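Q: Residue numbers (the working numbering), protein chains in the order written: chain A, 98 to 210; chain B, -19 to 403.
Rather than coming from a laboratory, the hints here were simulated on the basis of the structure.
Since the model is a prediction, treat every value here as computed from it, not as a measurement.
Any given hint could be a false lead.
[What the hints assert, rightly or not] Straight line, CA to CA, 30 Å or less: simulated DSSO-like cross-link-like pairs of lysine-lysine:
#: 1; chain 1: A; residue 1: K151; chain 2: A; residue 2: K197
#: 2; chain 1: B; residue 1: K19; chain 2: A; residue 2: K161
#: 3; chain 1: B; residue 1: K(-13); chain 2: B; residue 2: K320
#: 4; chain 1: A; residue 1: K105; chain 2: B; residue 2: K106
#: 5; chain 1: A; residue 1: K100; chain 2: B; residue 2: K57
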Amino acid sequence: MPKQESRKLAKITSAIINYLFQRNYNKFDLKLNRFKDKTTIVLEIPDAKISTLKEMIDKVSKTKDSEVEMYGWELIGESGFNDELELLGMLIDKVEIEEKETSIVLTFYRTMV
Amino acid sequence: MALSYKKFLSNYLVFFIVIPLVLLAFILSRVNEILVGLKDIYLCSGLLITDFIAVGGIGATLINVTLIIIFNYVLIKCLKISFNGAIFAGVFTMVGFAFFGKTLINTIPLFLGVYLYSLYSKVEFKNYIIVALFSTGIGPLISFIMFGVGLELYFSIPLGIFVGIVVGFFIQVLSLNALRLHRGYNLYNIGFTLGIIAMIFTAIFRVLNISLNANILINNSYHWHLFSMFLIVSIFLIVSAFILDKAVIKKYPKLLKRTGRLVTDFVKETSLSVAILNMGLMGIFALSLTLILQININGAIVAGIMTMLGFASFGKHLYNTLFVILGAILASFIFNTLPKDNITVAIGIFFVSALAPITGQYGIIAGIIAGFMHMLVLPMAMDFQGGFDLFNNGFAAGFVASIVVPIFENFSLKGEQNAKAGV
């Protein structure tokens, strides 16, 4: 397993948390499951609406780009500005959205490069 | 129609560039002049500022450019890499610097080094292609060891190859670390990394009393040939954008809203047509600068314009670039070092655009300040790195961004507002 994978996962979670704090989401559950070559991150946000998370979902859902990932992943978590979401998208394969009665659940899937 | 033209662009565009280049080379120079010129280019150290047109003539320089294009095209095709913003930036930069320091001899060892690192890290080489493309900016170090130190060739050539491989091996790790210093606000991140490596080698050579023979070799005789070439390329890109998407102009403002901070891939975040339109417009903008500031186009300026074109798919656009360039022009007028009289300043006017994301994130005044500071740091950067790093402006821009970004971040409201507004 490439040595950098642990740091990448730490940065991905940090960027997600940073983004949520900036949007005044102060209560959420984040669960990470790491397997041999893939990882899932499950984010549950109570009292949230899909519309308010649309920007995040759209940007993170952009196509994964492993060449650009290797070039710039270190920048994730450095600024907290919105361009971080595009960076995040380069490391994430896909995002699934589940709308529950009292919360929104986002599941991020990542396969190791 | 759009799809087939897109396929044409990605598969055959290179031939429409290479064939005219080869023809032009043989129109402007005789065969024996090209061969002798190529030998001179390959055997020179290429330390900054060495315009290959001055070393080997226009014909040999164009053939060197052609060889670099073919090498990169074959590599990218073999690795099955699709053209995204970063690849455009890397290839255009390589082609630009083939006028001004890069040869196959001094680039291949660096590629080998990056390849060995990919084996070591158990990651496919194609994932390091961006680093590999930009790593070639330190090509003159390899050429200098091979042909400039004064050692016997049977020793100096293997030594040069070895140093190239070692440097290439470590660039990925060092470049990631460099990103943290300027936080993605210097688009020439690898130029910054290479400058630090070059600084170490400069120190070693100076301790060993090896003269670096830094000089300025430029040839301005082909200004209008090169101007015409860029004008055709820029118009071709703009027309291509409209062929791909007739409504491209309506989508262009979306690109202008991007900060351009690394890693911003305009091809992915907008579309190929919008990115190509931006490249064409940036080409026209760069040519306008040469006219307004009376800058002669030589090999070094070609590199500057090509890099502006390439990075127009990877962070630069008319808005974020304009104000850092204005800052640089302001500095040159205040200190009375006009671009038309000073090649280092003229080069700086184009390459200062590395700091474009500062305007994008923190606004016009921040961009002007960054551009101004860049021109102050630039001469010192050259002295530090001895001319081995072709991306000297990337080296200087790295320092400027490292200093101004934390200050703007703490004392400017613009960044915070942007974050909240979703910019």
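Q: Regarding the pair K100 (chain A) and K57 (chain B), is the alpha-carbon distance no greater than 30 Å?
A: holds, 29 Å
Q: Would the pair K19 (chain B) and K161 (chain A) pass a check requiring their Cα atoms to be no farther apart than 30 Å?
A: violated, 43 Å
Q: Taking only the CA atoms, is the gap from K105 (chain A) to K106 (chain B) under or equal to 30 Å?
A: Roughly 19 Å separates the two Cα atoms, so the pair holds.
Q: Below or equal to 30 Å on CA atoms is what counts here, so check K(-13) (chain B) against K320 (chain B).
A: violated, 41 Å
Q: Between K151 (chain A) and K197 (chain A), is the straight-line Cα distance small enough, at 30 Å or below?
A: OK: K151 (chain A) and K197 (chain A) at ~16 Å, within 30 Å.
Figure legend: structure checked against the earlier numbered hints; hints not met, in rising order: 2, 3.
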